[in-house]
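K.L.:
The lines below spell out each chain.
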Amino acid sequence: MTHKDTPAFTRRDLLNMIGQAAGGGAMYQAMTSLGFAAESNFSGPPKLAGAKKGSSVLILGAGLAGMVAALELRNAGYKVTILEYNQRAGGRCWSIRGGDTFTELGGEVQHCGFAKGEYFNAGPWRIPYHHHAVLHYCRQFGVALEPFVQVNYNAWVHSSTAYGGKPQRYRHVQADFQGHVAELLGKATRQGSLDSVLTQEDKEKLLEGLRRWGALDAEFRYREGIATSALRGYEIDPGGGLMTPAKPSKPLELSELLQSRLWRAIAAGQAYEFQSTMFQPVGGMDMIAKAFAKQVGNLIRYQARVTRIEQNERGVTVTFADEARGGALQQEKADWCLCTIPLSILSQIDIQVGAEMQAAINAVPYGSSIKVGLQFKRRFWEEDEHIYGGITYTDLPISRISYPSTRYGASGPAVVLGAYVFEGPNSFEFGAMAPEERVRRAVEHGNQIHPQYADEFDNGVSVAWYRVPGNHGCYGKWTDALRDQHYKALCQVDGRIALAGEHVSHIPAWQEGAILSSLDAIRRLHARATA
Amino acid sequence: MNARNIPYCLASAIVVLAAVAAQSAQAQSSTTATSVQPMFSVGPKFQQTTGESIYRSVCQGCHMPQGEGAKGAGAYPPLARNKNLEARGYAVYLVVNGQRGMPPFGEMMSDGQVAEVVNYVRTHFGNNFTDAVTATDVKQVRR
Numbered sequence: 001m002t003h004k005d006t007p008a009f010t011r012r013d014l015l016n017m018i019g020q021a022a023g024g025g026a027m028y029q030a031m032t033s034l035g036f037a038a039e040s041n042f043s044g045p046p047k048l049a050g051a052k053k054g055s056s057v058l059i060l061g062a063g064l065a066g067m068v069a070a071l072e073l074r075n076a077g078y079k080v081t082i083l084e085y086n087q088r089a090g091g092r093c094w095s096i097r098g099g100d101t102f103t104e105l106g107g108e109v110q111h112c113g114f115a116k117g118e119y120f121n122a123g124p125w126r127i128p129y130h131h132h133a134v135l136h137y138c139r140q141f142g143v144a145l146e147p148f149v150q151v152n153y154n155a156w157v158h159s160s161t162a163y164g165g166k167p168q169r170y171r172h173v174q175a176d177f178q179g180h181v182a183e184l185l186g187k188a189t190r191q192g193s194l195d196s197v198l199t200q201e202d203k204e205k206l207l208e209g210l211r212r213w214g215a216l217d218a219e220f221r222y223r224e225g226i227a228t229s230a231l232r233g234y235e236i237d238p239g240g241g242l243m244t245p246a247k248p249s250k251p252l253e254l255s256e257l258l259q260s261r262l263w264r265a266i267a268a269g270q271a272y273e274f275q276s277t278m279f280q281p282v283g284g285m286d287m288i289a290k291a292f293a294k295q296v297g298n299l300i301r302y303q304a305r306v307t308r309i310e311q312n313e314r315g316v317t318v319t320f321a322d323e324a325r326g327g328a329l330q331q332e333k334a335d336w337c338l339c340t341i342p343l344s345i346l347s348q349i350d351i352q353v354g355a356e357m358q359a360a361i362n363a364v365p366y367g368s369s370i371k372v373g374l375q376f377k378r379r380f381w382e383e384d385e386h387i388y389g390g391i392t393y394t395d396l397p398i399s400r401i402s403y404p405s406t407r408y409g410a411s412g413p414a415v416v417l418g419a420y421v422f423e424g425p426n427s428f429e430f431g432a433m434a435p436e437e438r439v440r441r442a443v444e445h446g447n448q449i450h451p452q453y454a455d456e457f458d459n460g461v462s463v464a465w466y467r468v469p470g471n472h473g474c475y476g477k478w479t480d481a482l483r484d485q486h487y488k489a490l491c492q493v494d495g496r497i498a499l500a501g502e503h504v505s506h507i508p509a510w511q512e513g514a515i516l517s518s519l520d521a522i523r524r525l526h527a528r529a530t531a
Numbered sequence: 001m002n003a004r005n006i007p008y009c010l011a012s013a014i015v016v017l018a019a020v021a022a023q024s025a026q027a028q029s030s031t032t033a034t035s036v037q038p039m040f041s042v043g044p045k046f047q048q049t050t051g052e053s054i055y056r057s058v059c060q061g062c063h064m065p066q067g068e069g070a071k072g073a074g075a076y077p078p079l080a081r082n083k084n085l086e087a088r089g090y091a092v093y094l095v096v097n098g099q100r101g102m103p104p105f106g107e108m109m110s111d112g113q114v115a116e117v118v119n120y121v122r123t124h125f126g127n128n129f130t131d132a133v134t135a136t137d138v139k140q141v142r143r
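Protein chains in written order, with our numbering: chain A, 1 to 531; chain B, 1 to 143.
Chain A on its own, in the form it takes in the complex:
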């Protein structure tokens, strides 16, 4: 029997409740509002044809946005030049390896001491399966990909104020949260609390689903046993022959689990952006940058610090300081300009665009992010703890530890992402430290989760994005209000100038956003150039 006229609890409420219990709903909703979870619109590279003979495009910035534009525009017949501030191509698509030297703003120099073949992705480090444009160019260039392990059920979730500070296995928190929620919902269903929204048939199907989903027993209870251990793992795993028989493990108690707040960590991998399968390039994210540079590297002029961008009805003139020659000012001219310089820097450059675009350039603050790469003498997380790739989450300042999704079981040193913190006080606090102190603090805090740190730590590097000289920040930090006010103006072709980069996209801080914004900008620039 149903009570359709009772408005107190609707079917939608129920679905929301289930979604939130499952973890993904709230997270996804929050991320969508930030513009973080939009799907890529990529439907193949742009078909640009019929460039006017001899027409030219000057591209500012040799990150992925700049290089993909260079590739497609050159193929369309334009004469293309790229000005790049750094001495390397790739921008934020950047991996640091042994032998690399990096000087951050303020002058601190780091010499990376990683072993041969080891690396650390300072910027982007994972590619969702639906970032079609990034994957397209990887395929086109033959950039080898391998799975990036986002969710590892055997990694840790850790709170310094729960379970005596002892890290818990992800699979325990995940299975037990799910199981307890299933039991509660089953109880509510059987007691008739949901009769206003469920028919008798609905209830039967729901109970059947809950029993499977939560590993509930015949009385719809989530209890220690072989069935629950089949989800969360055993106290003693099943063996062979006359080995000790399998012993079930004991679920975490509901109230303590709820109070621990560890359930926060199990939602992340369910968001569209982080769902399996995720990828990483074999050998480092910058394999993508290197592949692009192989195509268009001959068009790049390095160590060019742009100081002024002018335009009139005939063309564009860009003034830049040639940092390789003491900062001597030079000029480059072209018919059109695609500017991919981050707004944190572009807002300080004299650029001749309309008032609305200038206001948009000035409006977007840049996000804070820090990463620390730590090399250890051996893969203790694999050897001692059976953690193969994936991410440990903690409420410590390091926020997370990510283990290499590659070369499992290899002997010798390996590099872990020992801290990755964005937004929030801790990212600023890490960023205000000297590089070696960031490493030291990452080791000290990580040691609370992996006591092996003390003996096995070898060397480390750190990148605080506010201190990266070519970026002055990690990514354009849009809010809904800022987007309403400025986003469209930022996307316009202003005379002969268009902007591109992750900051000109609805997928901020992702490479897909950079590439899509660039492809969209050059399509419109080309349309204007051939009009």
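No wet-lab data here; the hints were simulated from the structure.
Certain hints may be false.
As the list claims (entries may be wrong) - With a Cα cut of at most 20 Å, we get these calculated SDA-like pairs of lysine to any residue: (1) B:K71 <-> A:G327; (2) B:K71 <-> A:T307; (3) A:K290 <-> A:Y302; (4) B:K45 <-> A:E423.
Said to hold, decoys possible - Chain B side only, calculated, beta carbon under 10 Å to chain A, not exhaustive: (5) P38; (6) G43; (7) P44; (8) C59; (9) Q60; (10) C62; (11) E68; (12) P104; (13) F105.
Said to hold, decoys possible - On the chain B side, residues computed to face chain A include the following (Cβ under 8 Å): (14) F40; (15) S41; (16) R56; (17) S57; (18) G61; (19) G72; (20) G74; (21) A75.
Built from N, CA and C at the ideal position, the CB exists for glycine as well.
We have chain A; now place chain B onto it with these hints.
P.N.:
Using the frame of chain A, we list chain B on its own:
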């Protein structure tokens, strides 16, 4: 006490204490030097309470330890001997609302914390603007 020099063995205790310290910080006089300053804050708001420790934990990430600023493809303006700091409300406005690439800190700091760090910057690094900013001044700047 420089937050950087806190021995690590004390750090977790300090973090716990910091939450308490931060809650009471707004009630304290702006000139009270809090003895314990966290190296890392817990939660979404900064928990350092003195001007110096806020500067060391936040501002120097871009404006550098001596307020000297930095230059890359763009620049972080020096705060040392900076005449723009003379107008009391200017730095308050920037800290609360941000400017261009600089993020707003209004949501992550209390009125008292903003006042503390602005007063610190306006009286250090070769600046000698002694007309102190108050928490009330900061409150009025918030949008």
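K.L.:
Determine for every hint whether it applies to the structure shown.
P.N.:
Cross-check of the supplied hints:
1. B:K71 <-> A:G327: Status holds; Cα separation ~13 Å.
2. B:K71 <-> A:T307: holds, 13 Å
3. A:K290 <-> A:Y302: holds, 15 Å
4. B:K45 <-> A:E423: holds, 11 Å
5. P38: Status holds, d = 9 Å.
6. G43: Since chain A brings a Cβ to about 8 Å from G43 of chain B, closer than 10 Å, the hint holds.
7. P44: Interface hint status for P44 of chain B: holds (6 Å vs cutoff 10 Å).
8. C59: holds, 7 Å
9. Q60: holds, 5 Å
10. C62: Because about 5 Å separates C62 of chain B from the closest Cβ in chain A, which is inside the 10 Å limit, the hint holds.
11. E68: holds, 8 Å
12. P104: holds, 6 Å
13. F105: holds, 9 Å
14. F40: With a minimum Cβ separation of about 4 Å from chain A (threshold 8 Å), the hint on F40 of chain B holds.
15. S41: Hint holds; S41 of chain B Cβ to chain A Cβ min 4 Å, cut 8 Å.
16. R56: holds, 7 Å
17. S57: holds, 5 Å
18. G61: holds, 4 Å
19. G72: G72 of chain B check passes; min Cβ-Cβ to chain A is 3 Å, inside 8 Å.
20. G74: holds, 4 Å
21. A75: Since the shortest Cβ distance to chain A is 6 Å, the answer is holds.
When each numbered hint is compared with the structure, no violation occurs for any of them.
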